[in-house]
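Using the sequences and the hints given, assemble the complete structure.
There are 2 protein chains.
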Amino acid sequence: MEHNLHHTISLLTRTPAALDALLRDLPETWTFRNEGENTWNTFDVVDHLIHGERTDWMPRAKMVLQLGETQPFEPFDRWGHVRESQGKSLGQLLDEFASLRSTNLGELRALNLRQQDLDLRGRHPALGLVTLSELLATWAAHDLTHLHQISRVMAHQYREAVGPWSGYLGVLQCAGHSS
Amino acid sequence: MEHNLHHTISLLTRTPAALDALLRDLPETWTFRNEGENTWNTFDVVDHLIHGERTDWMPRAKMVLQLGETQPFEPFDRWGHVRESQGKSLGQLLDEFASLRSTNLGELRALNLRQQDLDLRGRHPALGLVTLSELLATWAAHDLTHLHQISRVMAHQYREAVGPWSGYLGVLQCAGHSS
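Chains as they are written, first to last, in the working numbering: chain G, 185 to 363; chain B, 185 to 363.
These are calculated hints, taken from the structure and not from any lab test.
A virtual CB, placed ideally from N, CA and C, is assigned to each residue, including glycine.
Each hint should be verified, as a subset may be incorrect.
With beta-carbon atoms standing in for the labels, derived distance ranges [what the hints assert, rightly or not]:
(1) B:246 - G:359: 32 to 38 angstroms
(2) B:309 - G:249: 57 to 63 angstroms
(3) G:249 - B:261: 49 to 55 angstroms
(4) G:287 - B:238: 40 to 46 angstroms
(5) B:186 - G:250: 56 to 62 angstroms
(6) G:343 - B:300: 21 to 27 angstroms
(7) G:343 - B:223: 37 to 43 angstroms
This is how it looks when you write it as structure tokens:
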């Protein structure tokens, strides 16, 4: 199945507004509690999304276009966001994510990628050869993996409060594949 | 831990806008594809949320207040939404969900529930005795279970497109506990 870049951009465009509508000014019970030691809370997840906008998706896309397979991407630092967010509020992070995403999608659109561009290959430091198409599809799916995680981390805070309904709520059975 | 009704209402208030921001006018690749036979697509999930607003949460809360443990709730029909949505667009469903949720939260606030009300008990047809507190907490967690499901169903559509990144995306490892 051919990757439809329009579909990818449609989703990437909506994620910041969706997270904003869900999270802004929500009580901290929901946004500053995690699932236990060494797990992320919602604040951490938004921060990680920001870090991806800065260091992962568009920088790697440009590397594919400029350098192809010759040089591997910089490894993505999954804890790299921790240094950046100190002293910020969740509202500030949501603003920052929306702004960076908008800039990045502006750059992506300006590239006017054609199908043959999407087939170009780069080198992932662990996965080996990947296409630009796969990279951009992953950008969108990565938004969804973290929306999935946020809903799970938030639901975890009500694990006791729901009483006997816990067995009916699928999200409470999720073991947490997306840290 | 005491159930904080304000926290529950805060989340319940935000879900319709979050789903609207995520889903409205999104290409049908994302919203009208499911995970395989007898699974729901995103349209079905929003429809199910509407059905819950009509027949589950507030009707049951009123039953607890009016009838207590004397009479079991009507069983919730998990496929009851199918009859209601025919011929509607996803945009119409999102509007309907937002409107019903707003009305229901208005009714909930008007009840001015105190802690002793939250401790009142009703009878679930399968789970037995449940408290009003547990019912209202479940309403919020149920939003999250379906946000979790929507993100998983949508990500499934990009399972092939992400290529070798699929192993890194937690949402693609989720077996789907929340149908």
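Comparing the hints with the structure gives:
no.: 1; hint: B:246 - G:359: 32 to 38 angstroms; result: holds (36 angstroms)
no.: 2; hint: B:309 - G:249: 57 to 63 angstroms; result: holds (59 angstroms)
no.: 3; hint: G:249 - B:261: 49 to 55 angstroms; result: holds (52 angstroms)
no.: 4; hint: G:287 - B:238: 40 to 46 angstroms; result: holds (42 angstroms)
no.: 5; hint: B:186 - G:250: 56 to 62 angstroms; result: holds (57 angstroms)
no.: 6; hint: G:343 - B:300: 21 to 27 angstroms; result: holds (24 angstroms)
no.: 7; hint: G:343 - B:223: 37 to 43 angstroms; result: violated (25 angstroms)
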